[in-house]
Amino acid sequence: MLDISIVIEEEYYNKDPQSTELGKNIISASISLLNELGFEQFTFKKLAEKIKSTEASVYRYFDNKLKMLLYLTRWYWAWLEYQIDYQTHHIRTPEEKLKEILKILSYSQTETSQITICGTDTISLRRVVMSESDKTYLNKQVDEINSQGLFRGFKKLCHKIAEVLIEINPTYGYPHALVSNILETTHQQTFFANHLPSLTEISTKKEQSLNVQVYDFIEDMIFKVLKNVPQQT
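Count the sequence shown with the UniProt record's numbering and you get residues 1 to 233, in order.
Think of the hints as simulated: they come from the structure by calculation, not from any bench. Wrong hints could be hidden among the right ones.
Subject to a maximum C-alpha distance of 20 Å in a straight line, what follows is the list of computed EDC-like cross-link-like pairs (lysine to aspartate or glutamate) [as the list claims (entries may be wrong)]: (1) LYS99 to ASP220; (2) LYS155 to ASP85; (3) LYS65 to GLU167; (4) LYS155 to ASP63; (5) LYS15 to ASP63; (6) LYS99 to GLU184; (7) LYS99 to GLU219; (8) LYS227 to ASP216.
From a predicted model like this one, the values you see are computed outputs, not experimental measurements.
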């Protein structure tokens, strides 16, 4: 696997975890534990035990577990943005560019499984984002977190995709709202298929993979929405 380093702003950490082996171990183990325990049961004490270190060593990198989750989601959004730039720079029409972006968002690109963050594959990180990312903003600290600029990665990604929607139909009035909804949908529908199957037609029992089903759903939805709005003449 290819291990890549994405530069994350200093506001997310006390010490850059990608700069030391201990920091990398903290990131790798935190992804594993968050997948195993969930955010509510995850603690720095359990993380320290897993890496055979001390809680104090973890606090040298992050103030708290919410800040750590914000760091992980920031890395993931930056990774998606990198893929979008790399995979779509040669595509001329906005319609084809949007289709490629939706493939990336639905994780139907098999190449992504060959990338790691601090030794952990991005598929494991995606599971964390899928099940835990809403906890970064569905909390009482959301305004303070936002004032610190810690949602910039998500906002930047939404804006980048929204610009493509505007190219397709400049009269559509809600490009950012639609994009933020699509980003959440790609995670929620997979989660529902695995845990709350009566809430979705996307199913683990179908021949197609969940990734392909999610792509088909969001592609159908977004293009129908854009086509139903009259374009300027």
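Evaluated hints:
1. LYS99 to ASP220: 10 Å, holds
2. LYS155 to ASP85: 16 Å, holds
3. LYS65 to GLU167: 39 Å, violated
4. LYS155 to ASP63: Not OK: LYS155 and ASP63 at ~23 Å, beyond 20 Å, violated.
5. LYS15 to ASP63: Measuring from Cα to Cα gives roughly 10 Å; hence the hint holds.
6. LYS99 to GLU184: Within the cut-off at roughly 17 Å; holds.
7. LYS99 to GLU219: 7 Å, holds
8. LYS227 to ASP216: 16 Å, holds
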